[in-house]
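Here the protein sequences line up with chains A and B, keeping their order. Going by our numbering, 127 is the number at position 127 of the first sequence; the sequence numbering is gapless. Going by our numbering, 54 is the number at position 54 of the second sequence; the sequence numbering is gapless.
Hints listed in this document are in silico derivations from the structure and should not be mistaken for laboratory results. Quick reminder that beta carbons are idealized off the backbone N, C-alpha and C, glycines included. Certain hints may be false.
[To be verified] So these bits of chain B aren't anywhere near chain A, every CB distance computed over 12 Å: (1) Leu41; (2) Phe112; (3) Leu135; (4) Leu147; (5) Gly168; (6) Ile196; (7) Cys250.
[Claimed, not checked] List time: in silico DSBU-like cross-link candidates among lysine-lysine, alpha-carbon distance up to 30 Å: (8) B:Lys185 <-> B:Lys105; (9) B:Lys185 <-> A:Lys222; (10) A:Lys224 <-> B:Lys105; (11) A:Lys135 <-> A:Lys110; (12) A:Lys224 <-> B:Lys185; (13) B:Lys105 <-> B:Lys22; (14) B:Lys185 <-> B:Lys22; (15) A:Lys110 <-> B:Lys105.
[As the list claims (entries may be wrong)] Some chain A residues close to chain B (C-beta under 8 Å, calculated; not the full set): (16) Val12; (17) Asp74; (18) Arg75; (19) Asp90; (20) His92; (21) Met101; (22) Ser106; (23) Leu108; (24) Glu119; (25) Arg132; (26) Ala133; (27) Ala153; (28) Val250.
The primary structure of each chain is shown beneath.
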Amino acid sequence: MSAPAIEATGLVKHYGETVALGGLDLEVPVGTVLGMLGPNGAGKTTAVRILTTLLRPDAGRATVAGFDVAEDADRVRSRIGLTGQYAAVDEHLTGHENVTMVGRLSGLGKAQARARADELLDRFGLADAAHRATKGYSGGMRRRLDLAASLVASPDIVFLDEPTTGLDPASRLGLWEVIREVVALGTTVLLTTQYLEEADSLADEILVIDQGREIALGTATKLKADVGGETVAVELVDTSRLEDARAALVGVAGGEVWVDERQGRLSFPAHGDAGRLAATVRALDGAGIAVADLSLRRPSLDDVFLNLTGRAASEAAADAATPTEASVA
Amino acid sequence: MSATSASTTSGRAAAEAARNHKGTIWRDSPIVAIRNLRRVLRQPQIAIFVLIQPIMFVLLFRYVFGTAIPIPGFDYVQYLMPGIIAQTLVFGSATTAIGMTEDMKGGIIDRFRALPMSGGAVMAGRVVSDLAINLVSLVVMVVVGYLVDFRIVTSVGEALLALLLLIGLTLAFSSISAVIGLAVKEPEAAQSAGFIWLFPLTFISSVFVPTAGMPAPLRFFAEQVNPVSHVSNAARALTVDGYLCGTEICTDPTRAVLLSVVWIVGIMVIFVPLSIRMFRRLE
Ligand SMILES: Nc1ncnc2c1ncn2[C@@H]1O[C@H](COP(=O)(O)OP(=O)(O)OP(=O)(O)O)[C@@H](O)[C@H]1O
Ligand SMILES: [Mg+2]
Numbered sequence: 001m002s003a004p005a006i007e008a009t010g011l012v013k014h015y016g017e018t019v020a021l022g023g024l025d026l027e028v029p030v031g032t033v034l035g036m037l038g039p040n041g042a043g044k045t046t047a048v049r050i051l052t053t054l055l056r057p058d059a060g061r062a063t064v065a066g067f068d069v070a071e072d073a074d075r076v077r078s079r080i081g082l083t084g085q086y087a088a089v090d091e092h093l094t095g096h097e098n099v100t101m102v103g104r105l106s107g108l109g110k111a112q113a114r115a116r117a118d119e120l121l122d123r124f125g126l127a128d129a130a131h132r133a134t135k136g137y138s139g140g141m142r143r144r145l146d147l148a149a150s151l152v153a154s155p156d157i158v159f160l161d162e163p164t165t166g167l168d169p170a171s172r173l174g175l176w177e178v179i180r181e182v183v184a185l186g187t188t189v190l191l192t193t194q195y196l197e198e199a200d201s202l203a204d205e206i207l208v209i210d211q212g213r214e215i216a217l218g219t220a221t222k223l224k225a226d227v228g229g230e231t232v233a234v235e236l237v238d239t240s241r242l243e244d245a246r247a248a249l250v251g252v253a254g255g256e257v258w259v260d261e262r263q264g265r266l267s268f269p270a271h272g273d274a275g276r277l278a279a280t281v282r283a284l285d286g287a288g289i290a291v292a293d294l295s296l297r298r299p300s301l302d303d304v305f306l307n308l309t310g311r312a313a314s315e316a317a318a319d320a321a322t323p324t325e326a327s328v329a
Numbered sequence: 001m002s003a004t005s006a007s008t009t010s011g012r013a014a015a016e017a018a019r020n021h022k023g024t025i026w027r028d029s030p031i032v033a034i035r036n037l038r039r040v041l042r043q044p045q046i047a048i049f050v051l052i053q054p055i056m057f058v059l060l061f062r063y064v065f066g067t068a069i070p071i072p073g074f075d076y077v078q079y080l081m082p083g084i085i086a087q088t089l090v091f092g093s094a095t096t097a098i099g100m101t102e103d104m105k106g107g108i109i110d111r112f113r114a115l116p117m118s119g120g121a122v123m124a125g126r127v128v129s130d131l132a133i134n135l136v137s138l139v140v141m142v143v144v145g146y147l148v149d150f151r152i153v154t155s156v157g158e159a160l161l162a163l164l165l166l167i168g169l170t171l172a173f174s175s176i177s178a179v180i181g182l183a184v185k186e187p188e189a190a191q192s193a194g195f196i197w198l199f200p201l202t203f204i205s206s207v208f209v210p211t212a213g214m215p216a217p218l219r220f221f222a223e224q225v226n227p228v229s230h231v232s233n234a235a236r237a238l239t240v241d242g243y244l245c246g247t248e249i250c251t252d253p254t255r256a257v258l259l260s261v262v263w264i265v266g267i268m269v270i271f272v273p274l275s276i277r278m279f280r281r282l283e
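Input sequences plus hints: build the corresponding full structure.
Shown next as structure tokens:
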């Protein structure tokens, strides 16, 4: 079979004391979608910037479309599209001018770039706003515009760095639709996200990273099976009783109960049995522990993290952040 | 690898055009420059800077300072105009640093760097669009100058040579400004680092007043070193037919023109490659 669209081995990047990437390997076969899942500061953007030729790694090497990102940057650039974490649109230009400019700079002729801009803006639901300055665009519109600009030259490989972070649920679903269309055309996609649900819905394979290292790799089904599907999540009124509650719930859970001290929450796999909710209430009631919130949750990044590393994603993000930022919940 | 991503005909054609494309500075600079000019035209506050400030300066110096600054052998407005045009262009070139840093902050530079375009075109496009805007300031100043009795008394050829030197000065200072922008990276820092050194440079010069009365070290700098003086003097010789060399009036432009050219070329030989190198090394 053909060589992978993206291949990286031993990528290392330090920022002073901070290890942004601590030896990351990855491989994305042609025409597939890799979801890179990790909390704030995990190293997602650093990896994307290295793979898109914007940043030089301290060690390791990577090829994209078969070309070395360090030695053959221009050839790599002529085959990729990048939608960065923060939309890189020129707010004083119109949507159409933004896409046309990127098309021209990618090698398209004048008329060709304009026609592609019309086509893509139409496809992404931006036709009405095409000739307005983008500073009046909503967050979701900017994201779609940024994506349209990345796709203007029909790249073989597209990088999407947290394409839906900060969007409301409706815009998020809209963007998922657009990304699925891109994938359906056979484009290879590497997307980063903090949401397991997003990786689940878009990616063929999920690479979970923490502190610049792989901590899990597999299909969404496998990861979720590892976590145990849906979980029962309990929040207590009095968080000093987390340990008592854990003891009271071991029987109901029929196995391990995870305690997230930071969020004052306990959770355990539901194993597809909604009856466990009632059993949970009874067990806690019997132990005299007041419940603030009880829910059946689909697995989140937090659950994957708890399962894989024994700590919550939010803690991992706090560890990665500078001390002043660490108190953000 | 197969270009499977291009399902539509236009998509396939686009993929075809983009594959292995490598932009040249000639192809990409105009695209970048037009984008920069569009931005300026859509921000009225910049138009104020470009149009109102030069008018204000000409009128203030002509009518407030001019009445108190006697220049032997010159009407003050004749002495002032070539110099104040040079000074305005030097200040105008500091916008290059601001534009560069705004683009870095706005993520557009990252977008450019991930494209197979010419890196030099990002710099060249910026410098060229800034030059175009500065030339608007220049035209405005000449027009206002004519309204307040400034007159070019030399031949068209000489006046055009003066214009060329002023353009060279602008390009040279834009390239210094580009390096400052790439070094400081933040628009706020570019605001101060880009402008602050231009005050001593343009005031310790022959721009506004004769240099003969300055304390010896300042006088030496203003007369012998400062490129803004040399270009102002050359522009005077070539438009109002004379400049002050010390306390004398010199009408031969040769020395001032040569010194101007040496400075302009010298600055560009250092700062143009340096800016392109710094751009390539951005992370
Ligand atoms: N330019 C930089 N200077 C210093 N430290 C940096 C720089 N860029 C990233 N880092 C640090 O490297 C680590 C990885 O950052 P990176 O931006 O790759 O994470 P991320 O997974 O993209 O996070 P987020 O979800 O917040 O975007 C973090 O600890 C971050 O603080
Ligand atoms: Mg990031």
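Do the hints match the structure? See the list:
1. With a minimum CB-CB distance of about 9 Å to chain A, leucine 41 of chain B fails to clear the 12 Å threshold, and the non-interface call is violated.
2. Consistency note on phenylalanine 112 of chain B: stated as away from chain A, yet its beta-carbon is not over 12 Å from all of that chain's, at 7 Å minimum.
3. The claim that leucine 135 of chain B is not at the interface with chain A holds, since no C-beta of that chain comes within 12 Å of its own (minimum 21 Å).
4. Distance check for leucine 147 of chain B against chain A: the nearest CB is about 33 Å away, which clears 12 Å, and the non-interface claim stands.
5. Every CB of chain A is more than 12 Å from the CB of glycine 168 of chain B (nearest about 28 Å), matching its label as outside the interface.
6. Here isoleucine 196 of chain B stays apart from chain A, with its beta-carbon at least about 27 Å from theirs, past the 12 Å limit.
7. Under the 12 Å C-beta cut-off, the non-interface status given to cysteine 250 of chain B relative to chain A holds; the minimum distance is some 47 Å.
8. A C-alpha spacing of about 8 Å is found between lysine 185 of chain B and lysine 105 of chain B, which places the hinted pair at or below 30 Å, so the restraint holds.
9. Proximity of lysine 185 of chain B to lysine 222 of chain A is assessed by CA-CA distance (about 45 Å); at most 30 Å being required, the pair is judged violated.
10. Restraint check for lysine 224 of chain A and lysine 105 of chain B: the C-alpha separation of about 39 Å exceeds 30 Å, so the hint is violated.
11. At most 30 Å may separate the alpha-carbon atoms for a hinted pair to count; lysine 135 of chain A and lysine 110 of chain A meet this at roughly 24 Å.
12. A threshold of 30 Å between alpha carbons decides the hint, and for lysine 224 of chain A with lysine 185 of chain B the separation of about 44 Å lies outside it, so the pair is violated.
13. Among the hinted pairs, lysine 105 of chain B with lysine 22 of chain B is consistent with the structure: their alpha-carbon atoms are about 25 Å apart, no more than 30 Å.
14. Pair hint lysine 185 of chain B plus lysine 22 of chain B holds up; C-alpha atoms about 27 Å apart against a cutoff of 30 Å.
15. Distance restraint check for lysine 110 of chain A and lysine 105 of chain B: the Cα-Cα separation of roughly 28 Å lies within the 30 Å cut-off, and the hinted pair is therefore satisfied.
16. Because the beta carbon of valine 12 of chain A sits about 15 Å from the nearest beta carbon in chain B, more than 8 Å, this interface hint is broken.
17. Taking 8 Å as the C-beta contact cut-off toward chain B, the hint placing aspartate 74 of chain A at the interface holds, the least distance being around 5 Å.
18. For arginine 75 of chain A, the interface hint holds, the least distance from its beta-carbon to any beta-carbon of chain B being 6 Å, beneath 8 Å.
19. With its C-beta approaching chain B no nearer than about 6 Å, aspartate 90 of chain A sits inside the 8 Å limit, and its interface hint holds.
20. The beta carbon of histidine 92 of chain A comes within 4 Å of a beta carbon in chain B, closer than 8 Å, and the hint placing it at the interface holds.
21. The restraint placing methionine 101 of chain A at the interface with chain B holds, with a minimum CB-CB distance near 6 Å, inside the 8 Å limit.
22. For serine 106 of chain A, the suggested interface contact is upheld, since its CB lies about 5 Å from the closest CB of chain B, less than 8 Å.
23. Given hint, leucine 108 of chain A at the interface with chain B, holds; its Cβ is 5 Å from that chain's nearest Cβ, closer than 8 Å.
24. The closest approach between the C-beta of glutamate 119 of chain A and any C-beta of chain B is roughly 6 Å, which is under the 8 Å cut-off, so the hint is satisfied.
25. A cut of 8 Å between beta carbons decides the hint on arginine 132 of chain A: the least distance to chain B is about 12 Å, and the hint is violated.
26. At about 7 Å, the closest approach between the beta carbon of alanine 133 of chain A and any beta carbon in chain B falls short of 8 Å, and the interface hint on this residue holds.
27. The closest approach between the C-beta of alanine 153 of chain A and any C-beta of chain B is roughly 4 Å, which is under the 8 Å cut-off, so the hint is satisfied.
28. Taking 8 Å as the C-beta contact cut-off toward chain B, the hint placing valine 250 of chain A at the interface is violated, the least distance being around 50 Å.
Figure legend: structure checked against the earlier numbered hints; hints not met, in rising order: 1, 2, 9, 10, 12, 16, 25, 28.
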